[in-house]
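*Asks:* So you can see what is in the structure, the chains are spelled out below.
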Amino acid sequence: MIKPFLGLIVLIPALGFAGQAKESRDPNTGLLSWKIEEPGLGIQFIQMLPDYVSALYSSRGLPPELIKGMAKYCVFGTIVTNESDRQLSYRVADWRYVTPDGTSHKVKTKTEWLKEWQSMGVNYRWSILPDDQTFEAGDWSQGFTTIPLLPESTFDLIYSWTLNGKKNHGEIKNLRCAPAKPPIP
Amino acid sequence: MVRSKIFVVRRPNHQYRSRVLFAAVTLGLLLFAGTAAAQPVAPELGYKLSRLATPVQAPDFELKDMDDESHTLGNLRGKVVMLNFWATWCPPCRREMPSLEAVYQEFKSEPFVVIAVNEWETPEHVFPYIGQLAVFPSFPILFDRDGKVSQAYAVKGLPTTFLIDQKGMIIYRAVGGRDFNHPEVKKLIRELL
Numbered sequence: 001m002i003k004p005f006l007g008l009i010v011l012i013p014a015l016g017f018a019g020q021a022k023e024s025r026d027p028n029t030g031l032l033s034w035k036i037e038e039p040g041l042g043i044q045f046i047q048m049l050p051d052y053v054s055a056l057y058s059s060r061g062l063p064p065e066l067i068k069g070m071a072k073y074c075v076f077g078t079i080v081t082n083e084s085d086r087q088l089s090y091r092v093a094d095w096r097y098v099t100p101d102g103t104s105h106k107v108k109t110k111t112e113w114l115k116e117w118q119s120m121g122v123n124y125r126w127s128i129l130p131d132d133q134t135f136e137a138g139d140w141s142q143g144f145t146t147i148p149l150l151p152e153s154t155f156d157l158i159y160s161w162t163l164n165g166k167k168n169h170g171e172i173k174n175l176r177c178a179p180a181k182p183p184i185p
Numbered sequence: 186m187v188r189s190k191i192f193v194v195r196r197p198n199h200q201y202r203s204r205v206l207f208a209a210v211t212l213g214l215l216l217f218a219g220t221a222a223a224q225p226v227a228p229e230l231g232y233k234l235s236r237l238a239t240p241v242q243a244p245d246f247e248l249k250d251m252d253d254e255s256h257t258l259g260n261l262r263g264k265v266v267m268l269n270f271w272a273t274w275c276p277p278c279r280r281e282m283p284s285l286e287a288v289y290q291e292f293k294s295e296p297f298v299v300i301a302v303n304e305w306e307t308p309e310h311v312f313p314y315i316g317q318l319a320v321f322p323s324f325p326i327l328f329d330r331d332g333k334v335s336q337a338y339a340v341k342g343l344p345t346t347f348l349i350d351q352k353g354m355i356i357y358r359a360v361g362g363r364d365f366n367h368p369e370v371k372k373l374i375r376e377l378l
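Chains A and B, in that order, give the protein sequences.
Read the first sequence against this note's numbering and you will find it ends at 185, with the numbers running on by one and no gaps.
Read the second sequence against this note's numbering and you will find it ends at 378, with the numbers running on by one and no gaps.
Just so you know, the hints here were simulated from the structure itself, not pulled from any lab data.
Predicted model only: the values in this text are computed from it and were never measured.
Treat each hint with caution, since some may be false.
[Said to hold, decoys possible] Capping the alpha-carbon separation at 27 Å, the derived lysine-lysine pairs in DSSO-like fashion look like this:
#1 B:Lys372 to B:Lys233
#2 A:Lys115 to B:Lys333
#3 A:Lys166 to B:Lys233
[As the list claims (entries may be wrong)] Here chain B is said to cover these stretches of chain A; the calculated rule only asks that three of the stretch's residues, wherever they fall, bring their Cβ under 8 Å from a Cβ of chain B:
#4 113–127
#5 135–144
Ideal Cβ placement from N, Cα and C applies to all residues, glycine included.
Working from the sequences, and respecting the hints, build out all of it.
*Replies:* In structure tokens, the structure reads:
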């Protein structure tokens, strides 16, 4: 299980460098967000409360088993922005989250979610961050990134993107899942 | 997997379960805002639209509006069409709507139309939402309930907007929110008229 992670460690210097993640706490909610600015790429991860995520899906008329399935994941609102004047792309399938035991795991993709939902007879295909996108200058997108961890769990996220044909790589240390309840009532 | 030509651009660019639940989600409609998430720094609404490397014929469709009347893209041949895919839960969709209305009004006497295609939702979902907007959209809002039209246009995220010329060819595309009332966008529309 460690081998894929070690492989990524070897690749990191060859693929690019990590920008600094700026952690912010919302003064109204107490929830956290992280903003990273890399050459050409802006990326944000925002804690989402479990109840909010459940309400969002419930209000779309989606079935309880779908909502229960989502409840097993901690969810981050994710905004990916092309801040360059070149073509930029990303692929969620290349991203990894690393748990405190050092194990690297794949991030669940939108395609995987849709397949699961389709098996429930649900054709809803929005909300999750698209698997992959190619952005031109000025393009940006948002959606949910989902990690199968308990509330308040911590992990590192390894993300990658391709800018003008060159693959880059970054890491955010100590991302934290939202708490089960709002930190500020 | 065949890559859709719609995304090859030219270099150098029902029903709610309860009123309480609906109210909660309406308040939290800003996907990453409100009381349920930390406040993100939402990207600025830029104005760049990317020109497709090779114009592509816009897939035709027939969709219904809030009055259950059908609209087809084919019937708009001869007009420049700004085709916007959106949903009520999408914050940048909400942010850019006033600019869509503004540009729709500015070019009203020209062969130009804005069409907003709502994804997956119902008129019952959308009507109260647009009633809350600071600027009421007067352009047609159509309902792509099963998502087939967005799939035909290879739309991966919302909002995505296409600028289609009078011959029905997709010339420009924008992924993410934009300020469509920007002079540079209006210049592109004029060039197509």
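*Asks:* Hint by hint, note whether the structure agrees.
*Replies:* Verification of the hints:
1. The straight-line distance between the Cα atoms of Lys372 (chain B) and Lys233 (chain B) is roughly 11 Å, inside the 27 Å bound, and the hint therefore holds.
2. A distance of roughly 17 Å separates the Cα atoms of Lys115 (chain A) and Lys333 (chain B); the hinted pair therefore holds under the 27 Å criterion.
3. As the CA atoms of Lys166 (chain A) and Lys233 (chain B) are separated by approximately 23 Å, the hinted pair is consistent with the 27 Å bound.
4. Given a C-beta distance limit of less than 8 Å, the hint that chain B covers the stretch 113–127 of chain A holds, as 5 residues qualify and 3 suffice.
5. Against chain B, the stretch 135–144 of chain A contributes 9 residues with a C-beta closer than 8 Å to a partner C-beta. That satisfies the three-residue criterion, and the hint holds.
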